[in-house]
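Hints given; two lone chains; assemble the complex.
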Amino acid sequence: MTPLTMLARPEEDARLRPLPWRRMAWVTWRQHRFALGGVTVLLGAFAVYLWLTGLQLHHAYATACHPVSSLACAMNFTGRYGITGIFVSVALQAVPPLIGAFAGAPVLARELETGTFRYAWTQAFGRWRWAVAKLVLLAVAVAAAAEAFSLLFSWYNQPFFAAGYVIPLSTRVFDLHGIAFAAWTLAAFAIGVLAGMLIRRVVPAIAATLAVYAGLALATTVYLREHYMAPLITSRLNLPGSAWVVSQWYAKDGRFAFPSRGSQLVSALSRYCPGNFDGSPAQCLSRHGYTQWSAYQPGSRFWPFQWIEGGWLLALSVLLIAAAVWLVRRRAA
Amino acid sequence: MSMSMNVIEASGLGKRYGGTWALRECSLAIPAGHVAALVGPNGAGKTTLLNLAVGLAAPSAGGVTVLGGLPAGSPEALDGIAFVAQDTPVYRNLSVADMLHLTRSLNRRFDQSYARARLNELGIPLKRKAGRLSGGQQAQLALTLALARRPRLLVLDEPVAMLDPVARHDFMATVLAAMVDDGVSVVLSSHVLAELERVADYLILLSRGRVQMAGEVDDLLAGHRILTGPAAEAGNFAERPVVHASRAEAQAHLLIRAAADDPVPPGWEAHPVSLEELVLAYLREPGAAALPGPAREPSKVTR
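Protein chains in written order, with numbering that gives the first Met the number 0: chain A, 0 to 332; chain B, 0 to 302.
Next up, chain B with everything else stripped away, as it sits in the complex (with noise of 0.2 Å):
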């Protein structure tokens, strides 16, 4: 797979449900190597870009395609994309080895010793019904039925948002071996801010419906971070483009958006930043949106 392509591509792409838009003027271009993280709050749209990416829903405007140009949810790219759904529905009253069965069944191609051999690794037996399962070991099947498909790209919607820390570690292990051995590209949705400052090499920030803020992460975190200075010198910085300023007594924190090597204004202090403050300040500030703009050439998006 070329490392050049993009495995998402979205441009103008939006959807409504009845008069409400959950997903508008959403454009675009996730790349092939990462691990994409698409974060927001609840409602920001993240379920309805990975339906519409997926081909289980149609745009209402605009267009999506997949792995470097294929109409979403078209047969080559039904075949190239494994999906795990929100809350990893599986057939419950199907044993293991019979999910195993029809998901071969149902594609080209079929990786049964790997899936076997994962999940003996993880302990869930062939016989027992999956609707039997605990809710980990439910997400784990549905994991290991989609990357025994040999996709080249995984698409997981809030993979963890039901699992137990223990669970959330494992499943996320096993993402990033198959990041790592098979050079699967990865895109999963999530509000759980901690878990992917571990995993995600890439960010897509959605807010009310659009892209806030997209690019990978080191270069996010490199063109960012936090100063922290007299309270009363903080309107100095109106040339300067503040994300999300809060103040404490006399200090103020600004984050901003500047090199590493940026100087450091007299009498104020820069600090990098972490991810997770990073999500929030822009989360925090949905005006903000214009800052790193869309992304229509990742690399270059956050300079």
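Chain A with its partners taken away, still in its complex shape (with noise of 0.2 Å):
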């Protein structure tokens, strides 16, 4: 546009400013204040819980595990409380993508759904505008609740990592501290937006959520995250205790053998290594000329890891929230 045409209806521009988009924060935080307080109730109900017994983890840890390797610390912290911490990182597991099916899928879905899109998209703020601001909104209070959680778990889970039970890298770590915890929750908010949008119905759009959800953290944790960067191959037998070791091989003249697990190790093993042997299989084997190999992350990388993972999720959720919010504006009624 240019300056002149700009001068010439200079009351109709000034007119025709866009709305502010600070409106948009009350009208998001009524109209979804309920889904927004059962973040919180899920979130504190955690919280309160993982408060009450990480006091009793931590009191634990120092009264018995001076030093970490002695017995009452194997038998009053990690034989004690060692079982619980596995089952309260498995259920945070579930905490995004419920965050994601209940939160973030019902916010277009049920616009769409119950017809009041047809209210909202002809009012004068505008309809991206609109999905923008409450998109985005409500994106970061669902990250900024998250990532609040993850600091206490991480305070909550921090015994259990000095103790050496549990490795930084290993999934009820990895997921739930640092910044994958929250940006797994927003990526379960956008792929709820995005659902929701498309399929128009909240019921439907709340299953399709948990099921993409589902299939992408595994593809995650499965496949995907081991090759954030270049393992360290080595054949040295004594891996530092923090390594996530991602595969193993033996190798003869310099050539691959066999994989560490299966028949052809146990062949190997009745064939080289009959009966009581000294030490371990990778040492008996070494005496016969063969090499234990291990490709392995180091504890060392997490930090790496956790901005390689918090990116690309929070690359995904802004594309996700982008796709939704470009059909909220070409969407035909």
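Wrong hints could be hidden among the right ones.
As the list claims (entries may be wrong) - With beta-carbon atoms standing in for the labels, derived distance ranges:
id : chain 1 : residue 1 : chain 2 : residue 2 : range
1  : A       : G310      : B       : S59       : 38 to 46 Å
2  : A       : W311      : B       : A172      : 58 to 66 Å
3  : B       : E120      : A       : W154      : 53 to 61 Å
4  : B       : S73       : A       : W311      : 32 to 40 Å
5  : B       : S133      : A       : V202      : 44 to 52 Å
6  : B       : S59       : A       : S169      : 50 to 58 Å
7  : A       : Y222      : B       : R15       : 55 to 63 Å
8  : A       : W325      : B       : P271      : 49 to 57 Å
9  : A       : G114      : B       : P271      : 21 to 29 Å
10 : A       : L326      : B       : R15       : 12 to 20 Å
11 : A       : V202      : B       : Y16       : 19 to 27 Å
12 : A       : G114      : B       : E275      : 45 to 53 Å
13 : B       : S73       : A       : G310      : 47 to 55 Å
In case anyone wonders, no lab produced these hints; they're calculated from the structure. Ideal placement from N, C-alpha and C gives every residue a C-beta, glycine not left out.
Laid out in structure tokens, this is it:
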């Protein structure tokens, strides 16, 4: 637009300045306070539980685990609380998909299902700005709540860490610490929003969100995460305690022989190391010319991996939400 | 607002859903300052046309402008148009007061005192959840929210279809008051013909996705009449523009296009036509589409 045409209709231009974004804050809160309240209750209940059991956990660790290799630590700390810790971290894996399904999926699906979009999208605020404001506010709110919760969980999990009971890159630590938990929650929300926009009905959108999230989380944990950085490869047998071993295999004369598990290993062991042998299978086989190689991700890569996973999840979430906004903008009634 | 501008203007407008045209080759111009009724059977394309006009849907062909040339759905257009959708959707778990606050937040203008006074008059409590209001109250709430935006054009899609006669009457009284007091132009769709006769002074008849008739109601009524005479002579009207013919025993009723001062043939009686009769006649004869034709200049279209 040239300056001339801008001057031509000063009154019109002034009148039609877009409505301020801040007006959507009240609108979003008022319309989604039950969803946001639900997220708060879900995380709050878990938080109270983590706080109470975490205090016991920290106390047990402080009294029993000097040193951590002591029998008292094994009995009174890891033996007593280890199962609880596993149970808690498994339960927490369900929190992001629940937030995505019950806070994310209905945001647009309910408008479309009940027809209220015909009201919302014909107000002067404008439909795509309405969508941007609402989705960004809600996304930031759920991600912030998840991050706060994640910090509490890090505190809860810290004694297990110190006792060497968990390693940093294991699922029960990596997914729930750092920025990964917030990033997964954000991604779940974005999946829910787009599913709702595409499916246009609340209940099927909830089901689709859970299914898509489960697929993505599983694929990431099983296939994707180990490839974030090239693993370190070593023939040393005593790997650092914090290492996440990605794969192991045996080699002979510089060539791959067989993987370090399965029938080929069993037959090699029965051939070369029958009966009782000294040390581990790897030590015995090494006496027959076999070298065990390990590919592993060291625990020190926790933060680089967090940034990589957080980064692509954030990019994915932005993309999904942008797609939802684009659909709001062009979707015919 | 200039009375000569068109509040909705469409040219060659079409909308296709999948392989089906919901509306096609629709050209019309609805002038400002009217309560314009969009009538037609179910599936005629009324809702589609209104959705296109308020920017909820995008055209598959042609174009539509509002309020004197603004692109439908543009910020300027949304600012001047208030739309009440079919079944008057409201957020069921928000209170009436929240709906007011919501609408005020989403718009440049919102006449809070008008809205409160009107709801008070209607006996709609501000603290009640919108979902717990009766159907008539929900419709009145949606209409009040729309009018409090002080629009230049009010678009109503089947506003009274779900209402009982009393609620229907009250609703239309509100619409008429807004029209008279504030000069709001109104475009509404309906298939309740009896109601329209009382409120509408401009009519657009849609049939099978096309405009079949459009014009000011008075002009349309003055331009048509019913002739009653011997059935045997009905064939003599071949050169006359007969819209619809019906026979009862020896009598024929012909609805023809004719000015009031056209001579009546001997042996025949002429009667003025009611809006309902006129609409029904055109609906029964979809082939009569070409008669008044799609309106480019609505005031001339019926002659």
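Hint check:
For the pair G310(A) and S59(B), the supplied restraint of 38 to 46 Å holds, since their beta-carbon distance comes to about 41 Å. Range check, W311(A) to A172(B): Cβ separation about 59 Å, and the 58 to 66 Å hint holds. In this structure, E120(B) and W154(A) meet the distance hint of 53 to 61 Å, their C-beta atoms being roughly 58 Å apart. At about 37 Å, the CB distance of S73(B) to W311(A) agrees with the hint of 32 to 40 Å.
For S133(B) and V202(A), the Cβ-Cβ distance of about 27 Å falls outside the hinted range of 44 to 52 Å, so the restraint is violated. Checked against the hint of 50 to 58 Å, the pair S59(B) and S169(A) passes, with Cβ atoms roughly 54 Å apart. Under the hint 55 to 63 Å, the C-beta atoms of Y222(A) and R15(B), about 43 Å apart, miss the expected range. The hinted window of 49 to 57 Å between W325(A) and P271(B) holds, with their beta carbons roughly 55 Å apart.
Between G114(A) and P271(B) the beta carbons are some 41 Å apart, a value that contradicts the proposed interval 21 to 29 Å. One distance hint, 12 to 20 Å for the beta-carbon pair L326(A) and R15(B), holds here, with the actual separation near 19 Å. Distance hint for V202(A) and Y16(B): a CB-CB separation of about 24 Å, consistent with the stated range 19 to 27 Å. Between G114(A) and E275(B) the C-beta distance comes to about 30 Å, which lies outside the given range of 45 to 53 Å.
Taking the beta carbon of each, S73(B) and G310(A) are about 38 Å apart, not inside 47 to 55 Å as hinted.
When each numbered hint is compared with the structure, violations occur for hints 5, 7, 9, 12 and 13.
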